[in-house]
Structures are given as structure tokens and as C-alpha cells.
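Undergrad: Taken in sequence, the protein lines are chains F and S.
Each residue of the first sequence is one higher than the last, beginning at 1 in full-length UniProt numbering.
Each residue of the second sequence is one higher than the last, beginning at 1 in full-length UniProt numbering.
What you were told as hints is all true, and nothing was included just to trick you.
Some chain S residues judged to face chain F by a derived CB distance under 10 Å, without partners named:
{"no.": "1", "residue": "Ala-149"}
{"no.": "2", "residue": "Val-152"}
{"no.": "3", "residue": "Arg-156"}
{"no.": "4", "residue": "Ala-158"}
{"no.": "5", "residue": "Met-160"}
{"no.": "6", "residue": "Ala-175"}
{"no.": "7", "residue": "Met-249"}
Just so you know, the hints here were simulated from the structure itself, not pulled from any lab data.
Using N, Cα and C, we set each Cβ at its ideal position, and we do this for glycine too.
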Amino acid sequence: MIEIEGITKRYDATTVVDDVSMVIEPRTIAVIVGTSGSGKTTLLRMINRLVEPTAGVIRLDGADNRSLPGYELRRSIGYTIQGHGLFPHRTVAQNIATVPVLLGWDAARTKRRVDELMTLYQLDPQAFGPRYPHELSGGQQQRVGVARALAAEPNVLLMDEPFGALDPIIRNKAQEDLRAIQKRFGTTIILVTHDMEEAVRMGDKIAVMDAGKLVQYARPAEILAKPASAFVETLVGASEKPFRLLSLGRVRDAVETGTAEGEAIPADVSQRDALAELLWSGRPALPVTGADGKPLGRVTVDGLVKRAARPA
Amino acid sequence: MKEAGVKAWLPSLLRLALVVLLIAFVTNPGWFEPLLKPLTESNAPAIYNQGSLLTLTLLHLRTVLIATVAATIVAVALAILVTRPAGVEFLPLSRSLVNIGQTFPPVAVLALAVPAVGFGEKPTLIALFLYGLLPIFENALTGLTTMPANVVEAARGAGMTGWQRLVKVELPLSAPIILGGIRLSVVISLATATIGSTVAARTLGEVIIAGLLSNNLAFVLQGGLIVAALAVLIYDGLSAIERYTARRMGQETA
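Next comes chain F alone, as it looks inside the complex (with noise of 0.2 Å):
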């Protein structure tokens, strides 16, 4: 659990992040949300100590973080920047390698731990451990940079801007990696973005920023559907809201008794996709199956339009 309290940072009479309060579950992910400025970097960067807060607390699992020297707190985080920042004079397994090092670790332990998580992000440890980061590519650099981050097994991982450098196919794909991998290691994760659809899409909370204060911090369904402030509003868009409301289901949940004609729909497909595939194709229903095959269903317009719906 991670507890932020009363967190201010101020650079001479710039105010950057101003009293920022906010409580992070275990095993979850939280999305901080703003446009360039709104602090939401600084914030993130107060939590590693990156950046001394000017007043305030923060507490990883009751421990104030200030318990410890910076680096030796920063070792036991896992940390990720936008443009990844890996060393360009050591190899892909050395990079992996950098935090484990640092803690000591033992070179079978290390070793073990690099292979195993080369082979979890789809690398072959054989092919790519030699290679140096300039000879990967986005998506693989991108990759390597959040196995760097897990190497030495954090409870706490930060993000900034992680996928901000991916084009939209390999980002989506490297969103739902980083799901399961936290689903899988039960890492808490604190994500930092300016894009909402991003922030929807990966959170479980989200904490909207503006000009340093925190707005709102919600789970995605509630800041869609009541919006703390003008500016939350804007941020999710008036005609998005209930597209991104019905992307944050799965079709198993809007499955209704009945049966349709045509191709069958996975129900683990988000609802949005569901309702683009039925006006696509121009039919009121679709089928759905479970994932052994078997028929749970079907979905229809009229359902997922009233989902699409403000909700009371």
C-alpha cells in the first residue's frame, strides 16, 4: 500500500504538485492523469525520491520512504521513463541485469532471473541477452526496459509515460503484457500518462491532475460518469464517454438468454469492440462463446446501448 499525505513540492514561488493526498492498493493499478504540467511527473518522481517533496509524507507499506538512503529506496522500486533509458554501452541482458547487480546478487540468481524474465516478455535469452539496446527494436526496447524494472522483484513499479514512444498496434499489445504481468508478480503499479483512453483502459483507480492539484481520483467508471470538474470533463472527452464506458467491460458481462445468427464473439472482448463489430456489420446480435467454445449467448445493440448509457 502505498499512502501519499499533504505532498507539496515547490520550486522557488512555482508551486509544481500542491498538497496531494492519496491512497494506493496493494496489487492494483492507479493511473495519474493530467496534461504536460500538471505535476503528475513530479509527483510520481517524489515517490522514489527522485524529487524531495518540500512538505508531506509518503508511506510504501507504512514505512515512511524517507526511512531509507534514495538509492538504497530506488532499488527496491521498479522504474520506468518514457524513451525506456537504457544503457547503450551494455547488452540486453546486462541492462536486465542492472538492479541485481546493484543489490548483489549472485550471478546464477541473476542469470536465472534475466532468462526468466526475457522468456516471460517474449525474447529468447540465447538470441537477444548479446545484443546491445541499439540493435532492438521500439517494442522490444520498449519490453526490456520494464523486465529492467521487475529485475529485482518490486512490490512497486512506476511508469511514466511508458507506451508513449510505441505506435498504437505494439502499444495495445504492450498494455495487455503489462496486465498480466502484474496480475502475475501482484505488482503494485503507479502509471503516469496524459492520454485518459490510456488511463481507462489500464486503471483500476485514476487520479485526474490539473496545474498540480489533484481533481478527482476515482475508479474509470465513476470519473466518466461524474466528472469532479469542468476540466475532468474535457480531459475525457463529451463524445468519447460512452464509448470509453463501454470499453471498461467484457461482453461476458452484457451476455443475454437468446440466440444469434453469424460468427461468434469471444466473451472476453471488451463491449465497445462488441458494439463496433454489430454496427459494422450491420446486425441487431451476435453469438458469443466462452473461451472452451461453447455458446453462453448472444449480445445486442439495444443491451450494449443501454450500458453505453450515463450511469444512475
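Given the coordinates of chain F, work out where chain S should sit on it, guided by the hints.
TA: Below, chain S without anything else, positioned relative to chain F:
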């Protein structure tokens, strides 16, 4: 096809030929006597005869090596110091000190150093050391202050201490630029070392000065050519190391 192959190999072949020629000349200068004989007048010796060319070449190289190593250590240490948060205020001061070292003519340094440390190699080392500081210092400064920001940020975020960042990230990343400075400094020193012989340092300058005193063009030429060949070869060698380190990091050659 064949032509492209020859073109690619030509520089390496030329270098190899130069190395062979240089070694042959300093070990067996007698072989080249017929070539240099036409440059002498009234039956003067065509090959330097007051000492071994090989010994002088090695002493010349030793002087340059000692001065460059010392200049590298001091210049890089100074650059590291003024790029740490604690040393930033010394940046203007160290810049001016190093600049004075460069603007002071080596001859003047020799003249001033001789009364203090006596004749021989020492005043030459001092002059070369001062003269060699600037290129290394400026390049090290450039290298250390133009780190890719996100790489430095990642190093901090991974929990490296200041010292670990310096040794594991900053110095390796600026190595190609620092090497570039060392290369410039070495080449300047190779040429400048010859004037050391005016204060009795044993360098190839001896040959040139002897030639000038006795009006023997052959002496001047052979001293000058050996220094030039050394400079070209060392310049090439260091450039190759620079390119190798830069390529490994995926940087374009500087």
C-alpha cells in the same frame, strides 16, 4: 567487384606499408642512405650519427606517453570534479586555468621551467602536460555534460549512487569523446616534443636541431618524417578505437 575490394583494403595496406617503412628506417637507417645522400652537401653524413634513431624514437614516444597520461588523469579528474553538484562553482576557474595552459607557448614554458627544474626531460614534460590539458578537458566536459537525459535518469532510478553512475554509465558513455580529446593531445605533443631538445631532452628534435645547426637537410627531413609518421599512425590507431567504442553503443562516428 575487384576494384571495390582493392579500394577497401587500400588504406590498411598503406598503413601497414608505413609501419614497415618506419620500423625499417629506425632500426636500419643505413639502408636508406642512398635516398638521403643527394640532400647533403660536401660529403656530410646522410644519416644521423650522434645517436641511435631507434633510441631517440622510443625516448620521444616515452616523453609523449608520460605527458599525455598525466594530462589525461588531471584533465578527466578535473572534468569529473566540475560536473559533480559539489564542484560546479569551480567550472569557470578550471576552464581559465586550462586555457592558460594552452595559450602559453611551450617554448616560453621551457624557458621558465629550466631555471626551476633544470635541463633535460623534466621541462619538456611540464610543457607537454600543460599544452595537452585543454583538448582532453574540453572533450571530457562535453562528454560528461551531454549525456542522454533519460539514460542518466534511468541510472538514478535504478538506485545507482553518484559514484556508480559515474563509473558504470557516465564515463563509459563519454569514452569516445574523451578518446577524441586524447587523440588531439597526443598528436600535438608528438610535434611539440621536438622543441624539448633545445633544453637537452632526448627526443627526435635532436636530429632536426643537429640538421639545422650543420645545415644538413637530410637530418632535418629524417627527424621530421619519423615524427610525422608516428603522428599519422597513432592518430589512425586512436581513431579506430574511438570508432569501435562508439559503434558498440550504436552512436554515429563522431
